[in-house]
Amino acid sequence: MNPFGGHQRQPDKFSTNSELKGKRWSTESREYPRNNTKMIQIMNWFSMAIGLIPLNRQQSESNVILDYAMMLLVPVFYLGCYFLINLTHAFGLCFLDACNSVCRLSNNLFMHLGAFLYLTVTLMSLYRRKDFFLQFDERLNAIDAVIQRCRHVAEMDRVKVTAVKHSVAYHFTWLFLFCVFAFALYYDIRALYLTFGNYAFIPFMVSSFPYLAGSIIQGEFIYHVSVISQRFEQINTLFEKINQEARHRHAPLTVFDIESEGKKQERKNLTPATAMDSRGPSFGNEQKLSGEMKRQMAAPPPPPPQGQQKNEEDEMDSSYDEDEDDFDYDNATIAENTGNTSEANLPDLFKLHDKILSLSVITNGEFGPQCVPYMAACFVVSIFGIFLETKVNFIVSGKSRLLDYVTYLYVIWSFTTMVVAYIVLRLCCNANNHSKQSAMIVHEIMQKKPAFMLSNDLFYNKMKSFTLQFLHWEGYFQFNGIGLFALDYTFIFSTVSAATSYLIVLLQFDMTAILRNEGLMS
Amino acid sequence: MACRPSIISRGSDVGQSTFNMPPAQTESALPMVQPLLKEFQLLFYISKIAGILPQDLEKFRTKNVLEKSRNGMVYMLAMLIVYVLLYNILIYSFGEEDRTLKASQSTLTFVIGLFLTYIGLIMMGTDQLTALRNQGRIGELYERIRQVDERLYKEKCVVDNSHIGGRIRFMLIMTFLFELSILLATYIKLVDYTQWMSVLWIVSAIPTFINTLDKIWFAVSLYALKERFEAINQTLEELVATHEKFKLWLRGDHDTSSRTLDSSQPPEYDSNLEYLYRELGGLDMGSLKGSGKNKVAPVSHSMNSFGESIEASDKATHHPISVNMAHESELSNASKVEEKLNNLCQVHDEICEIGKAMNELWSYPILSLMAYGFLIFTAQLYFLYCATQFQSIPSLFRSAKNPFITVIALSYTSGKCVYLIYLSWKTSLASKRTGISLHKCGVVADDNLLFEIVNHLSLKLLNHSVDFSACGFFTLDMETLYGVSGGITSYLIILIQFNLAAQQAKEAIQTFNSLNDTASLVGAATEMDNGSSTLYDLVTTTMLTPTV
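Respectively, the protein sequence lines represent chains A and B. Each residue of the first sequence is one higher than the one before, counting from 1 in the UniProt record's numbering. Each residue of the second sequence is one higher than the one before, counting from 1 in the UniProt record's numbering.
Each hint can be trusted.
Think about it this way: if two alpha-carbon atoms lie no more than 27 angstroms apart in a straight line, the pair counts; the simulated BS3-like pairs of lysine-lysine are:
(1) K506/B with K401/B
(2) K245/B with K355/A
(3) K156/B with K460/B
(4) K355/A with K426/B
(5) K426/B with K351/A
(6) K336/B with K464/A
(7) K460/B with K449/A
(8) K226/B with K355/A
(9) K436/A with K460/B
(10) K355/A with K460/B
(11) K426/B with K436/A
(12) K245/B with K351/A
(13) K426/B with K38/B
(14) K356/B with K68/B
(15) K245/B with K464/A
For the record, the hints were derived by calculation from the structure and aren't laboratory data.
One chain only, chain B, in its complex shape (with noise of 0.2 angstroms):
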């Protein structure tokens, strides 16, 4: 914890420097890259008013960052404190229906019952000590996120963050929907509203929405992140469109040149080693240094051949001209798209330390979010068949007496889970896809030159690539959603049939028991009858054949 602050000036102190750029001039770069968390207010502030999230109100309204607050800390383990008491006094209000029923219910049931009653509040306890845990790293993540977005604009690689507060609005509408429909319709049908302790039922549903809230600030940050790395992609692969075009622009002026010509010719050796070493010794210290710090230097290392603040200025009076002219390639020229290419798989080297990053602050709240969807999944569907057994199940689960609301509740729990997990796979897949594009551009350009800076870089992608996963116990991604399905449904399957041999057995000694009490009577009688044992052997042996 101490020394993040100083890792952050650090940063912005390399940025500043290596950049090489007077600060005004960061300064009028900075209005053009939004901060991604202007689009978090309004989730901000809900979840500052749940108690989710520590940070500072103020500095947030004013300034769009997230800083430690000694304030909210306390406000949030206050209200820590009180979800916990709230939601043991619902537990013990409501368990009182449940040790009436005790005797009734089998074991199973009331097992599985206790086990999960707690589960829902270690989930929530789990968000708000990460979430306290954190606070100071958060701000930091969304400030390199900033920094990202900022190199990304300087090669020319523009992120809209704007559709992402839709997307927060849309989810912020989805939580509250299924909450309030899981809500309202079981305490409407299930719960016993004449009694003013019904209104204790309410608290049932805070441990899922403060999940919820702080999985949204995970979900979207995510979905942030992937967007980065298509926007890369993106890039690369108008490099690769547009140097089609230029090419077949100069087919049609100069047929001479073809393909084949142009590949089978010699290519000038001296200045393309000469070049590449240069390119080596410079990367290999670029590379040594980032590998040092495990945080990618935000320079590109062939600053020391070229004259970094030209080539910047350069290309920022650049940009509108080239975007008018059809027939120009970045690709053509390979030293000035070398320099390119290399921001941009530095860039994708950062994004994807930020995902790791991100990953790790997370990673406790994934855990337990899995480990309940998980566990919440299967009780609930377990549930559903025992009410539709007609046996009694725990309170805490009524909703699962209605097959309607269970749809709902486990469509919701499922959606989070589901959700996470696709879109932790597709933003793999995406950081994956940039070493195929960059090798496109490679291929199209057909430059020995560009080849070698490729072939490089590519290396590098390849070692660098995201995986989230939950704590490490396993990988996000849809390969863990298919064992995890094939988990539920075994362990369903074993559970309904635990609880068919009870009812079972349960029967068979009721029958036996009824059947003595017949038994004995016929006995009783056959002895008042003085009859013979066989009598009363035969009856006992006819009527207990087909039951067993």
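Isolated chain A, as found in the complex (with noise of 0.2 angstroms):
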């Protein structure tokens, strides 16, 4: 099914492999903060308790009947209601009397649609079953138990990441979605209760669960992907470790002093911008690196003492110079002793990428297909609801109940779907973004010529190779709803233009007509 399946499966050098595979990653003790399982694991309930993803996803042993037996009853229920309603004609909103020609239009339109969201989005659910949550979370933990290690390496353990700081913005996404939600349902619960009495759960079935369902699939898909995002943020902020040391550490691989001596004893006494411009061009990469060297300087943290000394001995006479180059070598060697352990990371980073970016593959075949009716069900229930809105509900708002709740029913979820949508767009936008940012670190990396990469071929064909592999990448995935449209903003752009040319045709209709004829209007 899968194209990268082969290999990675194997437990290579992850001995922890076998142990982590049973359990659940989240409980797991983790070094980085994931105060984000608390929400993340309700919604994994309710979408086990309606039958979206199976029961004990985790487990590979575990009883197979148990684990679908959700899975399968609430759409045989669904099913149920759905042709209870459309083959007997009861409890159908659209067959009570009070009901007119547009309620009964929209009715229709929004049970259909949701009828086919739902289905499909449940169809490709089943078709997913659990394989691919067991793989997920191997894979995963596979990433993971990598980039611990890289972080020990990178001496990075006590930093804490900065997902911290992005809770307050997250939780307030969370309670957001969620007081949107409960808004919509308790809406709609709350109609059809007025209406219905006790049997409201049957239209309710047909009316808001499918779009529910369509949105808490989504949410998965949106957590897997801010997985796989948090992870390339993880590898950047290691890249970037990396790469600051490589800045570091090239100011002592000043060994260039030894042919410019003289040069640099007068650039020493000139302003830093004079010294620039007395240089010619033929020196760039001196110029380059002596630049780099000012920046050093300059700034606050790089350590004191030897740049103080440096420049004392700078000032003293030439024949200390000598003496300088040898300790501006002893300083390098120092530097590359502490910040070897970073670099070293570079391989097994490369890896990471790769391996992640396999996993955003197999992400986005589960859950790619799932995006397009429901991004087509948006699509449709935000243009009627504009239309409605506008055409009937700013005339006729008030005369007919049913009317009213069927209005605002297709406002109330198409800007529910709409901000699910978006956080969809958004965060594969990010991870996106995200695996882009690794390239051009490496590339920076690159352009610093650190003292690792000239002294070793390999360390630049390894660099190279990853960035022409991301080519590579950038050319064959990008999250997408199978190949019809990528998700990112520009998918916002197309939506939006093509729903003004539909609105535009749209609000041509004349209404008027109809609504004197049900008696909405005089």
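Starting from two chains that each stand alone, build the complex the way the hints lay out.
Written as structure tokens, this is what we have:
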């Protein structure tokens, strides 16, 4: 099924892999904070309860019947309600006497669109089963183990990841989403309860439930993409660490001073700007290095005693230059010894990047197809929401309770689905950008010509290979809905432009005659 | 056209000479690789009878090759003329109904019907004329695919053609099912079969049927190309997998060699650089040669530095043994694997070239198919709407009167278009994935020399990707499908709007006329009563206002 299944499943060097396999990753003690687990767990429980993901999805051996019971029962129940309404014409909102033609049309559209959405989404979920979740967890554990090791090597264990900083916005988003959904459900259930009494659950199954289910599947997608995005960010911090070290480290590599001692002498006396000007363009490399050195000296953190010492020694006569070079060289080796650990991560990081991208391919393969009906439903509901609101509700609101209910239902669900769709697009775009960021950082490292790269051809080739591979990845993969559209902000643009043109056409429909016929307008 | 055979012969010449193989060996290698065309037999016979392909029947039966044939050409042209004549008779005989209906139906429906009357015929004509034009080149295409198969086989990468025959059979069955169900359902339900002229309705299925057969050729060949790409990817991934196993095994034995130590070890500059120069020199020559001919020379450039004939025979004998040995990885031997990677990349290039050639051969048929699909889809839905509003529709599109038949017809048309688009997209993606798999080889081997090779080849692959397009107007990928579906929807809405407006105008005119009649009656009555004209005004205004 997925093309990347082959070799990465092997335990490789991660001996922890098999131990971690059965457990839930969220309960493991990880060093980076995970304050999102509670929200995610609520969502997972809920989606298990309404049969969108299998029970015990993280355990490979469990009772098959128990796992998929809900996933079969709920769709069957839904289909029962759907056919009950459409075949017996009972319990349907559109079959009430109070429902006029506009109400009936919009209610039918809402119901059938929901059926399309729910059935496609559920079928794909059933098709996915829990192999995906197992595989995802397994790969994630492997990735996390390597990241953990890399962080250990880079001595970043003590540094807290910045996830804490995002938590306010994060919680706000969750709270907002929760409120939006609660309101939508409350509105629908209350209106239906007032109409149908205790049988309200039957029309509810065909009105709001499909959209809720679709949104929750998108929530699962959001969660998986956010996990991927988080891993990209962690890799990027590790890359950034190497990058910073490269900046600190190549200053000692001012071995070129051996060639231009005299020049250096006079340069030190000049102001930085004139020093730059006085040197010809032929010394492009040296210029950059010297600029880099100046920056380093200007920056507060670099080791102050050495810098001062160097300045002092520079001001002394040139006979000390030999010593100074020696000293610099020492400095370089020291720096390399301390930082050697960090750049040793590079091969692992490249592999990690590749693995996370393969993980994204799998995730997209599983959830991308489910995005298509959801986005389509969101689009249709939004357009008709605007249409009904402007052409019907503005003119005849308050005349018929059912009509008002249907129009507001459209508006509420269009808003809700749009929020979810926006978050999906945003996260996919973020993940894409983060993965792009890694390549950019690697290029930056290459441009700085750090010591480890100059001394070892292998590193240079490795970095080049990584960036080239990323180019291939860019052509091959992007979060998308089975290739129909890329899941990024361009999709919003195309949807909005399409919606505008449809609306222009739709708003020309003359509704007054129909409304007058229904006795809603005099 | 004239230069074509020479290229074939040159290509085969180059293949012969550069592989440095005695003819006996090539012949012995031949039976290993089944020609792709062998699976096409059923399709060939059917399309030969239907008059889609002009190639020689006898040559195909005996040698599995497609060759030009004058008789076939004559037969095909005759068939084309017969089809055109029959279709025109069909249009004429069923146009009788239209002429009586012309007055009642709206001009919009009439004009759309007029436009789309001949689109099926145009599509069929494009297919057949293109097949005539291409008759020499298609055979060459399959010959190239066979050569690719041979080269892949030499790299221990066997492509299985056996299920392609089943695929063709499935497609043919689907085609027959769809065509027959549409034809029979329409004939029974919607055609007046008491008249003997109604038998002509069968002719209406000919254009789509011929078009589908032609597209099956394209689709299956495209699928074969996709399989070739996937085979290359699979080989690369297997290399990676075996090397990982190998490394695991190594680590199990000697725990001392850890990854980080390996990478920080200073590499041997001299040998590497020397090798690299030799490598680059050879490569440049090879690539120049390839670009000059616009055809990648099927030759491993490193053959100059390594005795190719020895290598090949060596590999051939090694093959069964190395499979059995679990702990041996090709990736550990850089110079050996380099040759393999080079060959794979060149095969990849060749497949890309074949893909481009194939796309070029079928570019006009695909363009006409896409245009046909778009127009017919929109028109069929529009006519369905018209039929639900009890308006008359052109007689050629009578299948739109029944929603069930419409669904079948639409899924048939859209299935054709979407499958081609999907397959092109997938093939393009498979070709792009080769670069990623190649880099995986480099990463897992972690060898400086291999990185050099991989980087070089990767750039080559990056520049050499295959994208399918319809005459260059639009690329055949899913995004186009998204755009087209949006276009269909918006056109449909606009058409329905116009139709509504026309209907409303018609109704308004009718009511106005009837009102005028009643008003004049009322007016006459009031005048007879000698009443004032104000009463007349009052009546007309009160009666007109609610409807306007």
